[in-house]
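Novice: Single-letter residue listing:
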Amino acid sequence: MIKNKDTGENDDTNLSLGANAAGVNMRSAPSLSKQKQTRMHSTYTDKPSIDEWSPLLKIIARDRDRKAFARLFDHFAPKIKSYGMMLKSQHTSAQMAEELVQDVMIKVWLKAHCFDSEKASAGTWIFTIARNCRTDFIRKANRINTSLTADDLWPMAEEEEPFTSLHQRRIEKNIHSAVAQLPAEQADVLKRIYIEGKSHSEVSAATGLPLGTVKSRVRLAVSKLRTLL
Amino acid sequence: MSHFHPDIHWLTEYAAGNLSMSQALCISVHLSFCPKCRKEVEQLNSLGGMMLSRPQAMNDATEQPQSELEISDSLRSHMLDLISNETLPNVPAELAVETSANDEPSNTAVELPDCLDKLIPNGTEKLDWKNLGSAVSVARLAAGDTEREVALHKIKAGGRVSNHDHKGREVTVVLTGSFSDQEGQYLPGDFLIKEPGQAHRPIASEDAECICLSVLDAPVKFTGPIARLINPFLRIRTAAS
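Taken in sequence, the protein lines are chains A and B.
Counting from 1, one number per residue, gives the positions in the first sequence under my numbering.
Counting from 230, one number per residue, gives the positions in the second sequence under my numbering.
Hint data in this document are derived by calculation from the structure and do not stem from the laboratory.
Mixed in with the good hints, there may be bad ones.
Sample of chain B residues lacking proximity to chain A, with all beta carbon distances greater than 12 angstroms (derived) [as the list claims (entries may be wrong)]: (1) Glu297; (2) Ile312; (3) Lys347; (4) Leu356; (5) Asp357; (6) Asn360; (7) Ser363; (8) Asp374; (9) Ala386; (10) Lys396; (11) Ser407; (12) Pro425; (13) Ala437; (14) Glu438.
Which bits of chain A does chain B cover? Going by a derived footprint, with three or more residues having C-beta under 8 angstroms, they are [claimed, not checked]: (15) 111-124; (16) 190-198.
Source: prediction; values computed, not measured.
Think of the CB as a built atom: it goes at the ideal place given N, C-alpha and C, for glycine as much as any other residue.
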């Protein structure tokens, strides 16, 4: 039994959130045929996005709208800068981090048309770009000699099955509310890991918390999120 | 279906981009075999997206002073100028190249995960294998990790590796075939970690050779080229059994 947090309704299928959002009654369809999945999929595309940044990104892709881009930039740039502050080289970390911001945001502008709101939220899409850019940035800055690039290590999700993206949308929606409910100490550790880009041991060093404590907070946070998915 | 998975910490570090490239490669190989962990990583990616999307909390405890994270007006206006530039391509050239490169059919006998294509472009047979005794051989991979040794290990069908310990943590992912040790049997995709002090005695299954990707933390430097020649397996010391 899954409790739908937004509507307060209970539903008896694990697709409840996605199905309700798509306006499709899933109760009578415990096993989905390929055809039904496809129909559900297309219905869902007409619905508004769950997060505020996705529509903005779509506008950027469609209209090449600079104002929309500026809004996106103003929110994400400081966070990407934070993520880049761990970069080390002969330059100050702030300079490197601003270069990363530039790399990431120009990619966002150029690749906006590749953004598929059914597969991920804008935040997740930008996060994966930032992560891959940072990895390639480190590789280039340290003159690491390898043919590997970040795109080899984190292949973009290419699962075509509509069920997957529907499922993914549901996950995103739930994570959104779940993150808001996390205890502050767990949210803080997650922020250091994802936004400051620190490894578990770096978080431990920065906070003075034992590594075991950092790990248990991550574990608790993730299992809490899981129960809400 | 693999039975030995990276734990939630490895997956989180992978999703957050905080692993070295060679460690991320091990996770990526495992994911190519494991739909369950792929799903988890999707969730962990979404978690990163949410952390990035949510408004900055004012009372955040952090070592990063807000002033340092401020975006200078010059960067902002530079970005807005950049995107107004008519000559900016709509699709970066690199994207087009990548797509075509990935579509090349593989002519290797053993199907390898895509993430290994660049490191092993001509199949495992063509790698520079060095024998380490009668049952095991090793081929180093140029994964560009200066702090770790990245290699494929191949155990002959039925081959037994002598009991050994590792000087640093070793991450192993099975690519083909299978092997066993006292902890269990490892099949393609299985991900295992041996910490220093965890000696083991791997034995490949009788029916096929076993190839694994391994990434070893190498805190102890080689003393010189001679030592390396004498014992390329120096990093692994034989355990008193």
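Novice: Next, verify each hint and record whether it holds.
Specialist: Consistency of the hints with the structure:
Glu297 (chain B), annotated as away from the interface, has a beta carbon of chain A within 12 angstroms; the closest lies near 6 angstroms. A cut-off of 12 angstroms between C-beta atoms contradicts the statement that Ile312 (chain B) is not in contact with chain A; the least separation is 5 angstroms. With a least CB separation of 4 angstroms from chain A, Lys347 (chain B) falls inside the 12 angstroms interface cut-off, contrary to its annotation. Annotated as non-interface, Leu356 (chain B) keeps its C-beta farther than 12 angstroms from every C-beta of chain A; the closest such distance is 14 angstroms.
Every Cβ of chain A is farther than 12 angstroms from the Cβ of Asp357 (chain B); the closest lies at roughly 16 angstroms, confirming the non-interface assignment. The beta carbon of Asn360 (chain B) sits about 25 angstroms from the closest Cβ of chain A, which is more than 12 angstroms, so the claim that it is off the interface holds. With a closest Cβ-Cβ approach of about 31 angstroms to chain A, Ser363 (chain B) is found to remain outside the 12 angstroms limit, as its non-interface label requires. A beta-carbon of chain A is positioned within 12 angstroms of the beta-carbon of Asp374 (chain B); the least distance is around 8 angstroms.
For Ala386 (chain B), the condition that its CB be more than 12 angstroms from all CB atoms of chain A holds, with the nearest at approximately 30 angstroms. The claim that Lys396 (chain B) lies off the interface holds: its Cβ sits roughly 19 angstroms from the closest Cβ of chain A, which is beyond the 12 angstroms cut-off. Once the 12 angstroms rule is applied to beta carbons, Ser407 (chain B) is consistent with being away from chain A; the minimum gap is 25 angstroms. The claim that Pro425 (chain B) is not at the interface with chain A holds, since no C-beta of that chain comes within 12 angstroms of its own (minimum 16 angstroms).
A cut-off of 12 angstroms between C-beta atoms confirms that Ala437 (chain B) is not in contact with chain A; the least separation is 27 angstroms. Distance check for Glu438 (chain B) against chain A: the nearest CB is about 25 angstroms away, which clears 12 angstroms, and the non-interface claim stands. Look at the stretch 111-124 of chain A against chain B: 7 of its residues bring a Cβ nearer than 8 angstroms to a Cβ of that chain, three or more, so the hint holds. Coverage of the stretch 190-198 of chain A by chain B holds in this model, with 9 residues showing a Cβ closer than 8 angstroms to a Cβ of that chain against a need of three.
Violated hints for the displayed structure, listed by number in ascending order: 1, 2, 3, 8.
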